[in-house]
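Engineer: Residue numbers (this note's numbering), protein chains in the order written: chain H, 1 to 288; chain D, 289 to 716.
Worth flagging that the hints you see were computed from the coordinates, not collected in a lab.
Hints are supplied without guarantee of correctness; some may be wrong.
[Said to hold, decoys possible] Just a few of them, taken from the derived set where beta-carbon distance is under 10 Å, the chain H residues facing chain D: (1) H5; (2) A139; (3) F141; (4) G143; (5) G186; (6) F252; (7) R255.
[What the hints assert, rightly or not] A short, non-exhaustive set of chain D residues, derived as facing chain H with CB atoms under 8 Å: (8) Q372; (9) S376; (10) G378; (11) R394; (12) L539; (13) D680; (14) R693; (15) G697; (16) S700; (17) M715.
[What the hints assert, rightly or not] According to the in silico footprint, chain D covers these stretches of chain H (three or more CB under 8 Å from chain D): (18) 144–151; (19) 227–237.
Ideal Cβ placement from N, Cα and C applies to all residues, glycine included.
Letter by letter, the chains look like this.
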Amino acid sequence: MRGKHSKLYYWAFVLPSLAAIFIVILLPLILGIGTSLTDSDGYQASFIGLQNYTRLLSDDQFLYSLGFTLRFSAVSVLLINAIGLGLALIVTQKLGKISVLLRTIFFMPNLIGGIILGFIWQFIFVRAFASIGTATGLAFFSGWLADATTGFWGLVIVFLWQMSGYIMIIYISFLANIPGELIEAGEMDGANKWQAFWKIKFPLLAPAFTISLFLTLANAFKIYDMNLALTNGAPYGSTEMVAMNIYNTAFFQYRQGYAQAKAIIFLLLVALISLTQVFLTRRKEVDV
Amino acid sequence: MFSLVALSLLLSACGTGDMEGGAPQSNGGSSAERGSISLDLFNQKPEITAQLENLAERYSEQSENDTTISITTVGSGEGSAGLQARFSSGDEPSLMMLGGLPEVQRYSHTLVDVSDMEVSAQTIDGLLEGGTIDEVPLGIPLNIEGFGWMYNRDIFDQAGIDPDTINSFNDFVEAVETLDSQKEELGIDEVFAFSGGENYIANQFSANFTSPEYNHSILDAYQATELNWEYGDRMQMYTDLFNVYNVQPILTVDYSRSVEELFVHDRVAMVHQGIWIVPTLNDIDPDFASEKLGILPVFGESDTEGKIVAGSPWFIGINSNMSDEEIEEAQNFLDWMYLSEEGQEIVTGDLAFVPAQEGYEPEDIQDPVSRELYEALLEGETAAMTHNQYPDGWFQQVLYPQFQRYLSGDRSWEEFEEHTAAEFEDMR
Numbered sequence: 001m002r003g004k005h006s007k008l009y010y011w012a013f014v015l016p017s018l019a020a021i022f023i024v025i026l027l028p029l030i031l032g033i034g035t036s037l038t039d040s041d042g043y044q045a046s047f048i049g050l051q052n053y054t055r056l057l058s059d060d061q062f063l064y065s066l067g068f069t070l071r072f073s074a075v076s077v078l079l080i081n082a083i084g085l086g087l088a089l090i091v092t093q094k095l096g097k098i099s100v101l102l103r104t105i106f107f108m109p110n111l112i113g114g115i116i117l118g119f120i121w122q123f124i125f126v127r128a129f130a131s132i133g134t135a136t137g138l139a140f141f142s143g144w145l146a147d148a149t150t151g152f153w154g155l156v157i158v159f160l161w162q163m164s165g166y167i168m169i170i171y172i173s174f175l176a177n178i179p180g181e182l183i184e185a186g187e188m189d190g191a192n193k194w195q196a197f198w199k200i201k202f203p204l205l206a207p208a209f210t211i212s213l214f215l216t217l218a219n220a221f222k223i224y225d226m227n228l229a230l231t232n233g234a235p236y237g238s239t240e241m242v243a244m245n246i247y248n249t250a251f252f253q254y255r256q257g258y259a260q261a262k263a264i265i266f267l268l269l270v271a272l273i274s275l276t277q278v279f280l281t282r283r284k285e286v287d288v
Numbered sequence: 289m290f291s292l293v294a295l296s297l298l299l300s301a302c303g304t305g306d307m308e309g310g311a312p313q314s315n316g317g318s319s320a321e322r323g324s325i326s327l328d329l330f331n332q333k334p335e336i337t338a339q340l341e342n343l344a345e346r347y348s349e350q351s352e353n354d355t356t357i358s359i360t361t362v363g364s365g366e367g368s369a370g371l372q373a374r375f376s377s378g379d380e381p382s383l384m385m386l387g388g389l390p391e392v393q394r395y396s397h398t399l400v401d402v403s404d405m406e407v408s409a410q411t412i413d414g415l416l417e418g419g420t421i422d423e424v425p426l427g428i429p430l431n432i433e434g435f436g437w438m439y440n441r442d443i444f445d446q447a448g449i450d451p452d453t454i455n456s457f458n459d460f461v462e463a464v465e466t467l468d469s470q471k472e473e474l475g476i477d478e479v480f481a482f483s484g485g486e487n488y489i490a491n492q493f494s495a496n497f498t499s500p501e502y503n504h505s506i507l508d509a510y511q512a513t514e515l516n517w518e519y520g521d522r523m524q525m526y527t528d529l530f531n532v533y534n535v536q537p538i539l540t541v542d543y544s545r546s547v548e549e550l551f552v553h554d555r556v557a558m559v560h561q562g563i564w565i566v567p568t569l570n571d572i573d574p575d576f577a578s579e580k581l582g583i584l585p586v587f588g589e590s591d592t593e594g595k596i597v598a599g600s601p602w603f604i605g606i607n608s609n610m611s612d613e614e615i616e617e618a619q620n621f622l623d624w625m626y627l628s629e630e631g632q633e634i635v636t637g638d639l640a641f642v643p644a645q646e647g648y649e650p651e652d653i654q655d656p657v658s659r660e661l662y663e664a665l666l667e668g669e670t671a672a673m674t675h676n677q678y679p680d681g682w683f684q685q686v687l688y689p690q691f692q693r694y695l696s697g698d699r700s701w702e703e704f705e706e707h708t709a710a711e712f713e714d715m716r
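In isolation and in its complexed conformation, chain D is listed as follows (with noise of 0.2 Å):
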């Protein structure tokens, strides 16, 4: 019996033994002189995917080290619990993409400090501070999203509304009401299709308000360690007006249902969303983003001042427990993604980002909105994206659920708030 249990012990050994030996080791082991060193990026943003294999492609055909990208795609909010897992694994991806500074967090004392990289010289000042830990950056921004009121200016333009000149609350109210009274002149169900059953709407809208109490520094955010909803009565104006004009019952409205089915087919306004729903728009109508999109500011500071929330909500992280020459490549790979002309070109073609760096053309970012949020971010005009630095869980587990509750009216303001600032101060 003890020989059975000894010779499986045995087996397994061997079996495990063979595993962790072989592959890693002759990457980085004598081989690699010859080149073929092999590195895998572990990527959050699935609508990507074919796009930065194709990037991965590009980079191994001029690379002199023979050297191969892998990707690997786990995403839709389980992207952290996926990478969590590979880490316990003991599977570590070489790159990886890192959501917010307590992603970065959790993973700094395995990350490769990136401010001796060419490309973090070239990156928008203030950038590079979403994924820096102790004065340290860990992390190259992968590119900057936005969001705000996302408009269909057809129907503005048809309900004699010029989004020019809404430069306050009121005047973005009475566009609103403007828009109501016209509802069937100009076709549409209601004025905004506010997805209230995505926990990440709800974040994000949240960013317009927090984001002046911490002074529009995403480290303030982080360093919270209270919420005291400074601006939350101008939450509570913004929630107010749309809940009356939005497509019910809010709390059903999904993102499928808001900008797939809705907000393209011209039969809403206004979503509240961000640039990335660009593709998706043009996979469904190929002329929707450039001749129908505009984005609108929100008025989370005060009455005129109107800001669209952007910032870097992905980091690419370099793992240190890798060998010097596959680190070395690894940034070299971002380099050449971020600054070479072949990458650049793809950076802005086929991935369609907003790029983080300095020395783009806007000419060369496809679309008119996203032009417009280059050049407001370069103008440092901009609200910072708080919402991603919150405690973990707590947009999932208590904003989301709190902000449904007062969209159902089963609960009031007063209480949205307590709640919510008595939940961040314990998740802190």
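Okay, chain H solo, but in the shape it has when bound (with noise of 0.2 Å):
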């Protein structure tokens, strides 16, 4: 009877959340995997098979996307959880409230919305660095934004800035969870700061790059706002990411078909990464 009883329990607990996932992710995703395999534009649609698909491949402006995005993807993932492990050391020595203080000043910007972020500093880019590059002489100063190179470095030093102080408290609360006692041992034998770094706290840490690099990857990935508010996508579309394009073929070229047979790709191709990631870094995780 009690079995009975749990199992309704269980049912009636998991069944509201079950039905929104149902509702908001699969039943979306189905039809989107059907609306992929027409040539909609909204409004009107009628079955194409796998066009969609074969056009993606001649398409270069959707690979020049997604090459952009994997390399912006890379480097900015790298440098934020070095910035962010970086950061959550120095505010875990013993400093007294300048720590918190610098805790609230890193995590700052992650408050501030992503398109908000992007106009700042746009104006920054564009507007600041000039007149820096006016008054100092200097050439590295001028004409930010209005190159490729410039565009791309301009997205990732914002994204640093947002996401740095977020993935930084991670790490803090990772930091803080590595017992004292190991450190001491590892002092007791000898071992210096850098060693205890490299040979304690680092292996320990593993759990927290699981997460740490799950979350940047796939954020770096999705990005749309702060493309958005930034660059747009220019100069001549060089600096349009992923999401951006997508968006751009659905609702300006009306193309609703072959906008989400990007999507199921793009998806398909953030999974696989996301989940191999996962699985690696996984493996060097280590029990205490």
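Got two chains here, each in a separate frame; can you build the complex from them with the hints?
Structural biologist: Put into structure tokens, the structure is as follows:
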């Protein structure tokens, strides 16, 4: 009897979330796959098989956006985690009140939305940098966001600015959980600070790497708001990331079937890369 | 477990059922005899939202049917996506602002034929064309807009240039060189502030040179399956000229920098812009538009034939998926807006429109550039807004990036023409 009751409770609790997932995730996904096989313009649609997918292979702009997004993600994931960990190490030193202040300051950019950050930094890159350039005569500061290279690094810088503080928080919590006696034992055995970090703390941080890498990777791939506010794909589509390419295909060209096909490919790619990453970093985790 | 699912389905069914059954039907039903029709207008021009709301309010005040009209605004390039979202969610607007034939075409099966309306009869010849699909006019032109080289009369005066003597491309080049040689005395940064960072500016600029290819006809442009850049070399001549004398880096000059910062503060002599900047100019410097603003034609067709591009970029369509009373009321609203004295006053006053109908006194139009435009249009001396008739997404995804590439020296003009023409054919 009791078993039956608990089964009923089990389903009563699980069902609402299952239904929600089905309605807002699974159902749209299934409909999306269906749409990707049509030439839908959002209004009328007829079945065209896999044409959208074969067409993708010769879509230069999409392939470029894909390459750009991959480059962007690789660079920013590495830098964000390096900087985030660095910041975490700084603020976990015994600095008293300053450490709390620093934590707040480092985390602050994450509270500002991507759109606003994009516009603020657009102003900094285009106007402030230009003024510095004319004042100092350094060519480095002029013409930001006007060519593909500075566009790329502009996006990376803003994303670093936004995400590093967030990732810092994750590392802080894991650093705080490392038992003090392990470090102490290491010191007794003659390990210096450097060795203590690389040989003791670093391996114990493996679960933090799993989470942080996953979060930054997934976020880097899906950026749209910051991209829109900062460069909007300009100059000449050279900073158009995949999410923006898909949106533009769907809502400027009204090729919704084609955009869906792009989105499905994008989903598979992100899932593949993220799962591989989680699988690989999981293996490095150690149990204490 | 099943009863739970069934219950939730039942509940949600009731919920949506209520929403569908309730609001719209009561409008068209028996209660309509005693009035209270409510309509909504989908607006794609955020800059006139407040004025439209005022207009709608004035209409309800004098309406016998106790009609209310609400305004929904989605703009800044997201308007079409917003409108489509309204349609796919089933919450269709009763009146909608549509930009260009491709958009009219998309909704053509749900739009009311407007040919019998009073306001259509008053519309300036040829302007209904931009909202006509298969010879049925489906939209009322909202207003007339036009663009070309907007210049600062003061700066031209100081440099000793009489704008009226610019009658050929060579005159234009000469004026630019004169301005450039006196940059310091005139206190200007550069001659031009062309917004190389705005896709719609590149798009509008191209109309100067695609309009002659399509015989200055919106319909020809809309039906065209290819773009041959017959006047492409003229576009190149202009592009090369302003790129030399422009604020650099040109690719990061956006609208606000070019108009609100440089042009209105006398720091550049010319921008490629349209009369929609007049309200903005008035906000910053109330005398600018009336005293300093002028517009120069573009010699897009030949060395000596200069034209301003003008036309109706926006059309108001009426949704046919409504009760007859509602459709009639929507038509009444448009007739009232453009033909009644009260409506006309708001159209030229509050909204500062250049009207698309005949029968207005040129003196009623507030600023000189708008007046010039209205007169030029009545006389048929303008080029057509062919840029609104390109394939969907072509200007954002192809023309603009390729034009930027040419501006930055990344592409030759031949490559620009070839690439854009090929994509034009593909996307049509």
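Engineer: Each hint: holds or not?
Structural biologist: How the hints compare with the structure:
1. The closest approach between the C-beta of H:H5 and any C-beta of chain D is roughly 13 Å, which is over the 10 Å cut-off, so the hint fails.
2. At its closest, the beta carbon of H:A139 sits 12 Å from a beta carbon of chain D; the interface hint therefore is violated under the 10 Å criterion.
3. A least Cβ separation of about 12 Å between H:F141 and chain D goes past the 10 Å threshold, and the interface hint is therefore violated.
4. A hinted interface residue such as H:G143 counts as satisfied when its beta carbon comes closer than 10 Å to some beta carbon of chain D; here the least separation is about 5 Å, so the hint holds.
5. Violation of the interface hint for H:G186 is found here, the shortest Cβ-Cβ separation to chain D being roughly 53 Å, above the 10 Å cut-off.
6. At a threshold of 10 Å, the smallest CB-CB gap from H:F252 to chain D is about 4 Å, leaving the interface hint in force.
7. With a cut of 10 Å, the hint placing H:R255 at the interface with chain D holds, because the nearest CB-to-CB distance is about 8 Å.
8. Taking 8 Å as the C-beta contact cut-off toward chain H, the hint placing D:Q372 at the interface holds, the least distance being around 5 Å.
9. Contact between D:S376 and chain H, as hinted, is supported at the beta carbon level, the nearest pair being about 6 Å apart and thus within 8 Å.
10. Using the Cβ-Cβ criterion of 8 Å, the hint placing D:G378 at the interface with chain H is not satisfied: the shortest such distance is roughly 13 Å.
11. For D:R394, the interface hint holds, since its Cβ comes within 8 Å of a Cβ in chain H; the closest pair sits about 6 Å apart.
12. Taking 8 Å as the C-beta contact cut-off toward chain H, the hint placing D:L539 at the interface holds, the least distance being around 5 Å.
13. Proximity of D:D680 to chain H holds as hinted, the smallest CB-CB distance being about 5 Å (cut-off 8 Å).
14. Look at D:R693: its Cβ gets to within about 5 Å of chain H, closer than 8 Å, so that hint holds up.
15. Below 8 Å, beta-carbon pairs count as interface contacts, and D:G697 has none with chain H, the closest being about 10 Å; its hint is therefore violated.
16. Because the beta carbon of D:S700 sits about 14 Å from the nearest beta carbon in chain H, more than 8 Å, this interface hint is broken.
17. Interface restraint check for D:M715: the shortest CB-CB distance to chain H comes to about 7 Å, inside 8 Å, so the restraint holds.
18. Coverage of a stretch by a chain is defined here by at least three residues with a beta carbon nearer than 8 Å to that chain's beta carbons; for the region 144–151 of chain H and chain D the count is 4, and the condition holds.
19. For the region 227–237 of chain H, the stated coverage by chain D is satisfied: 5 residues place a CB nearer than 8 Å to a CB of that chain, which reaches the threshold of 3.
Hints 1, 2, 3, 5, 10, 15, 16 from the earlier list are contradicted by this structure; the remaining hints agree with it.
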